[in-house]
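**Q** Sequence:
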Amino acid sequence: MADDAALLTSPLHDRHAELGAKFAEFGGWSMPLEYPSGVVKEHTAVRESVGVFDVSHLGKAIVSGPGAAAYVNATLSNDLRKIGHGQAQYTLCCDEETGGIVDDLIVYYHHDSRVLLVPNAANTAEVVRRLAAQAPEGVSVQSRHTEYVVLAVQGRNSDEVLAKIGLPVGHDYMSFVEAEFEDLGGVVVCRTGYTGERGYELIARNEMAVRLWDALMAAGEEYGILPCGLGARDTLRTEMGYPLHGQDISLDTTPNQGRLGWAVGWKKDTFWGKDAIVAEKEAGPVRTLRGLLAVGRGIPRPGMGVTLVPDVPLCDITSGTFSPTLRKGIGLALVPTFVDPDAELGVDVRGRREIFQCVRLPFVDTSVRES
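Using my numbering, you'd call the opening residue of the sequence shown number 1 and step up by one each time.
Hints are supplied without guarantee of correctness; some may be wrong.
[To be verified] Below, in silico cross-link-like pairs of lysine-lysine (DSS-like), each with a Cα-Cα straight-line distance of 30 Å or less:
(1) K22 / K328
(2) K267 / K281
(3) K267 / K164
(4) K281 / K268
(5) K328 / K82
(6) K274 / K82
[Claimed, not checked] What follows is a list of derived Cβ distance ranges for each label pair:
(7) E221 / D112: 25 to 35 Å
(8) R297 / D269: 44 to 54 Å
(9) G138 / G296: 30 to 40 Å
(10) H85 / I355: 44 to 54 Å
Derived by calculation from the structure, the hints in this document are not laboratory data.
What you are looking at is a predicted structure, and each value in this text was computed from that prediction instead of being measured.
Ideal placement from N, C-alpha and C gives every residue a C-beta, glycine not left out.
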C-alpha cells in the first residue's frame, strides 16, 4: 500500500471520516472501503432502494478542439458515430500493437469539439499520455483528474432522490443532461453506473461536493439511503459480471478475451489495436472471461487456482466474492475456450477443492436499462 501521506483524497474525505468510513488505497487514492453499516447492508440498499458512492478517484480528461470527437473515434475501440451529443458510451483504449486493454472507460460526447473521458484512476495518466502523444494539431488532451467530484446514486429510488434536490431524471440509459444545482453551478447527470441497478452518476466541480453530498443524503433519508464504499461496489459489479481493469482485464487481455466485443466498432476504418483484435477474432481467442457459481459453500478470491475436474490446471480466479443477493460464492476467470460453457470446475479454496459451475453472465437480473 502506498504511503497514506502520498495518497490523493476526495473533496468529501472529511464527510466520510465523520461517518466512520474504513479507508483503503485504490488507484493512488484513499477512498472509503465500507462504512459501519457493512458491505452486505450497503449492497442490499442499492439492490432494494438506493445508495450513494463517492467515486471521485475515477479519472477525468477533456479532449477538445476542432475534430476532437473524430480523433477519439479513430483511437478508442467503440464507434462514437453510434451515439449523438448528450450521450455516453463505454469504450476501450487498446494497445496499438497487441490489442491489449490499456483501460476501459466512459466517453461523454458533449459535441464534436469537446469530449469528456472517465477512465480508471490508476490508468488515467497512461490514457492521457497515449492520446496526447498522437493528437493532431489543434486537439488538446488535458487531465482534470483532481478537479471534479463524482457521485454515483444507484438503486430503484435514485430518481426520487435526485428529483427532490432539483436534478433532472428519467432520461435514457447512457445519456446525460447538464443542470444547475442550487446556486453553485452545473452538474452533469448521466444515466450510468457500475452496479446493474437503475441509477445516475453526477460530475461536478470540487467546490460543490459537500453541499451536493449533504443534499443527496437528506433527500434519500426516507428511502433508507446508505453511503456505500468500494467493497459494496465490488460485490455489486461482480454479480453483474462487469470486469475490473487490473484484475479481469488488463494489457495482457484483449476485448475478445474479456467478452467486450460489443464495445468494439468492427466496421470502423481504424482504432488502436484493430489489426491484432480482428485477427484474433477471426482465429478465435484461446480464453474468455466466464462466470463461476459455487455449487457448495466455497468463496473464491482472486489468485485462487481453477482446475478442470479432477486436477488439470486451467487458470486463476480474477475476481471472486460472496454474493449477498445469491448467498453463494461467485467468481470470474479467464477460462480456456476448449472448456465446455456449462462445465463444472474445481477452485482451490484454501487447500480444499470446491466445485463451481460455469454460468452465463450476469449472475443476477437487474433493472439497469429500464426506462
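**Q** For each hint, tell me whether it holds in the structure or not.
**A** Quick rundown of the hints versus the structure:
1. In summary, the hint linking K22 to K328 is supported, as the alpha carbons are separated by about 25 Å, within the 30 Å threshold.
2. This hinted pair checks out: K267 and K281 have alpha carbons roughly 14 Å apart, not beyond 30 Å.
3. For the hint pairing K267 with K164, the CA-to-CA distance comes to about 43 Å; that exceeds 30 Å, so the pair is violated.
4. Taken as a hint, the K281 and K268 pair is honoured in the structure, with Cα atoms around 15 Å apart against an allowance of 30 Å.
5. Simply put, K328 and K82 have alpha-carbon atoms about 38 Å apart, too far for the 30 Å limit, and the pair is violated.
6. Pair hint K274 plus K82 holds up; C-alpha atoms about 18 Å apart against a cutoff of 30 Å.
7. One distance hint, 25 to 35 Å for the beta-carbon pair E221 and D112, is violated here, with the actual separation near 42 Å.
8. Remark: the range hint 44 to 54 Å for R297 to D269 is upheld by a beta-carbon distance near 52 Å.
9. Taking the beta carbon of each, G138 and G296 are about 60 Å apart, not inside 30 to 40 Å as hinted.
10. Roughly 50 Å separates the CB atoms of H85 and I355, a value that falls within the hinted 44 to 54 Å.
When held up to the earlier numbered hints, the structure conflicts with 3, 5, 7, 9 and fits the remainder.
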